[in-house]
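Q: Using the sequences and the accompanying hints, generate a full structural model.
So the protein lines, in turn, are chains U and H.
Numbered by full-length UniProt numbering, the letters in the first sequence go through residues 1 to 317 in order.
Numbered by full-length UniProt numbering, the letters in the second sequence go through residues 1 to 274 in order.
It should be emphasised that the hints constitute simulated quantities derived from the structure, not laboratory data.
Positions of the beta carbon are idealized from the N, C-alpha and C atoms, including for glycine.
Errors might be hidden in some of the hints.
[What the hints assert, rightly or not] Straight line, CA to CA, 20 Å or less: simulated SDA-like cross-link-like pairs of lysine to any residue: (1) U:Lys313 / U:Leu230; (2) H:Lys99 / U:Val42; (3) H:Lys131 / U:Leu69.
[To be verified] So the derived label-pair ranges between C-beta atoms look like this: (4) H:Gly232 / U:Ile206: 47 to 53 Å; (5) H:Phe47 / U:Phe127: 17 to 23 Å; (6) U:Phe304 / H:Phe8: 42 to 48 Å; (7) U:Arg21 / H:Gly112: 35 to 41 Å; (8) H:Gly112 / U:Phe304: 15 to 21 Å; (9) H:Phe47 / U:Ala296: 44 to 50 Å; (10) U:Ile206 / H:Val24: 28 to 34 Å; (11) U:Gln280 / H:Val24: 31 to 37 Å.
[Unchecked claim] If we take Cβ atoms under 8 Å as the criterion, some of the chain H residues that face chain U in the derived model are: (12) Trp11; (13) Gln119; (14) Leu202.
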Amino acid sequence: MDHLAPPMSRRADLVSDEHVRQAAKRRRRRISDLTGWGFIGVPTLVVVGLSLFPAAWAFYISLHKWNLLTPAKPIGMRNYQRIGDDPDALSAVWNTVFFTAVFVPVSIILGILLAVALNQKIRFSGFYRTAIFVPFVASAAATGILAGFVFEPNYGVANDVLRRLHLHTMKFLESPTQAMIVLVIIALWGQIGFTVVVYLAALQDIPKETIEAAIVDGANRRQVFRHVTLPELAPVTVFTAVWQTITALQLFDLVYTTTRGGPMSATETIVYYVYKVAFQESRFGYGAALSYLLFAVTMLVTLFMIWYSRRAKVEAF
Amino acid sequence: MRARRLPFSAWHLLLMPVALIFAVPLVQMILTSVMPDKDINSFPPKFIPTRFTLAGYRGFFGEPHAWRWILNTVVVATVSVVSHLVLCSLAGYGFARLKFRGRNFGFFAVVGTIMIPTQLLMIPTYVLFSKLHLVNTLGAAIVPWLTSAFGIFLMRQFFLTLPHELEEAGRLDGCSPFGVFWRIVLPLAKPALATLAIFTLLNSWNDLVWPLVAINDPQNFTLQVGLTTFQGMHRTDWSSLMAGNVVATMPLIIGFVAAQRQFVATMTLSGLKG
Numbered sequence: 001m002d003h004l005a006p007p008m009s010r011r012a013d014l015v016s017d018e019h020v021r022q023a024a025k026r027r028r029r030r031i032s033d034l035t036g037w038g039f040i041g042v043p044t045l046v047v048v049g050l051s052l053f054p055a056a057w058a059f060y061i062s063l064h065k066w067n068l069l070t071p072a073k074p075i076g077m078r079n080y081q082r083i084g085d086d087p088d089a090l091s092a093v094w095n096t097v098f099f100t101a102v103f104v105p106v107s108i109i110l111g112i113l114l115a116v117a118l119n120q121k122i123r124f125s126g127f128y129r130t131a132i133f134v135p136f137v138a139s140a141a142a143t144g145i146l147a148g149f150v151f152e153p154n155y156g157v158a159n160d161v162l163r164r165l166h167l168h169t170m171k172f173l174e175s176p177t178q179a180m181i182v183l184v185i186i187a188l189w190g191q192i193g194f195t196v197v198v199y200l201a202a203l204q205d206i207p208k209e210t211i212e213a214a215i216v217d218g219a220n221r222r223q224v225f226r227h228v229t230l231p232e233l234a235p236v237t238v239f240t241a242v243w244q245t246i247t248a249l250q251l252f253d254l255v256y257t258t259t260r261g262g263p264m265s266a267t268e269t270i271v272y273y274v275y276k277v278a279f280q281e282s283r284f285g286y287g288a289a290l291s292y293l294l295f296a297v298t299m300l301v302t303l304f305m306i307w308y309s310r311r312a313k314v315e316a317f
Numbered sequence: 001m002r003a004r005r006l007p008f009s010a011w012h013l014l015l016m017p018v019a020l021i022f023a024v025p026l027v028q029m030i031l032t033s034v035m036p037d038k039d040i041n042s043f044p045p046k047f048i049p050t051r052f053t054l055a056g057y058r059g060f061f062g063e064p065h066a067w068r069w070i071l072n073t074v075v076v077a078t079v080s081v082v083s084h085l086v087l088c089s090l091a092g093y094g095f096a097r098l099k100f101r102g103r104n105f106g107f108f109a110v111v112g113t114i115m116i117p118t119q120l121l122m123i124p125t126y127v128l129f130s131k132l133h134l135v136n137t138l139g140a141a142i143v144p145w146l147t148s149a150f151g152i153f154l155m156r157q158f159f160l161t162l163p164h165e166l167e168e169a170g171r172l173d174g175c176s177p178f179g180v181f182w183r184i185v186l187p188l189a190k191p192a193l194a195t196l197a198i199f200t201l202l203n204s205w206n207d208l209v210w211p212l213v214a215i216n217d218p219q220n221f222t223l224q225v226g227l228t229t230f231q232g233m234h235r236t237d238w239s240s241l242m243a244g245n246v247v248a249t250m251p252l253i254i255g256f257v258a259a260q261r262q263f264v265a266t267m268t269l270s271g272l273k274g
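A: Below you can see the structure in the form of structure tokens.
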């Protein structure tokens, strides 16, 4: 250490001064690091431990044949290859895509329509709002059980209404061709409140001046809606479409409490199939591969929508 | 010739039937829960009961664990909400306001998980919980709801909108960072906290698929799982099923009607910021 000794005491003072400042700075930094991690440490650990870590583990599990009881057998990508040859998996994907393709556009169109209607200053609008929003807070389990009652073919209200109108009664959830459409209707009943609320907020964000200016320029109500209101709603629509798509692709609760995937697997969705494969048949490796398929489909659809909206110059994300 | 004007706004022609379609099933659920079986099985079906009876509720609460399910759900929802409020506001504040090493890394790790669907996590979480002996306990239903990336993100966005001056004043008065957070920032965050609480309450109360796979012991069922199990055993006992439905949905529906403004704010925010 001797050869490092400074020749002049003044410089020594400076150096040690600098030293002290550095040490104080380091200590302050350590304290702020500790404070920072004191705030975010536990929550971050919980989030990462309960999502990033299991997500990675799910991929590892998907490379194995495993029933949890006997040791896992590594089989490479075979679980993924099997999906293409599994008619049940393909029909689950088809059912899910069908549900999504009907549910999302209808929920957007109905959402805009009802939001515009509820945005009018008319009587009873408070009652209308409450009635349309309330089903959103009812659990999907209860909604499914209630739907089973309403659409019961013999004494359900739905067929009673059809009878009174002198129309043909239907089998609804017991018919392989109708069940999925009925599920869309039930899901709309339970979910539309969300879409309407989001569109209502967006409508109220449109500056009044914009609409007034259009009217001054001689636009009629339809033109205002077409050329002012709708473009203003575009970003929200991209968001709602993505959100509702993700929700629709994950359909499970309603299926579980109404049809349990029937009749004849007509309403078996991807998540329901994952549930069946993993938790009823104990094929955890294959179930994990299927859930990665769901993840991939979700990502692809979401990225496509964002890409499409960017191309159409809608700023949503 | 112009059509004669209606004495009321034409919007009612759309809204009235739609509102009825949304409201009538819920009204029917309540009416059926107090309806005698004779009415339910009559043809054509009755909407208004000829006689008021609690037989449906006796049926549902005849299920030996029904009260436990309610208690379990209340416990799950309470712990989830309290834990969400504490952990999400702590992390949200840390990410929004404090400067420390690893902040950006931590934030991206948290926000990145928003994209991961919970269904992907079901299988590994089940395996993990069974190794930790959490499966079949009420803890299995609680732990995934302790905090969430979305909640942390929500609180961070809110804290970013607060003006810095108040916190600086607090620090000059000698408050520690936690003191500033606890005494100055949190009281200002009540609207955001209310939103987060409602969001968590809705999700934890209504969750079905996760407790369904993680809990097999009827003692530890949540209300939603209990309800579907009860449905499996009483396929056509509609008054009891509707009674169970009323029990499972009414607390949130009453909360919604009582605090509609707050609920709607939550739905909007979880929509626009999700």
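Q: Please go over all the hints and tell whether each is borne out by the structure.
A: Structure-based check of all given hints:
no., hint, in the structure
1, U:Lys313 / U:Leu230, "14 Å, holds"
2, H:Lys99 / U:Val42, "17 Å, holds"
3, H:Lys131 / U:Leu69, "12 Å, holds"
4, H:Gly232 / U:Ile206: 47 to 53 Å, "49 Å, holds"
5, H:Phe47 / U:Phe127: 17 to 23 Å, "20 Å, holds"
6, U:Phe304 / H:Phe8: 42 to 48 Å, "44 Å, holds"
7, U:Arg21 / H:Gly112: 35 to 41 Å, "38 Å, holds"
8, H:Gly112 / U:Phe304: 15 to 21 Å, "20 Å, holds"
9, H:Phe47 / U:Ala296: 44 to 50 Å, "47 Å, holds"
10, U:Ile206 / H:Val24: 28 to 34 Å, "33 Å, holds"
11, U:Gln280 / H:Val24: 31 to 37 Å, "36 Å, holds"
12, Trp11, "5 Å, holds"
13, Gln119, "5 Å, holds"
14, Leu202, "6 Å, holds"
The earlier numbered hints are all upheld by this structure, with none contradicted.
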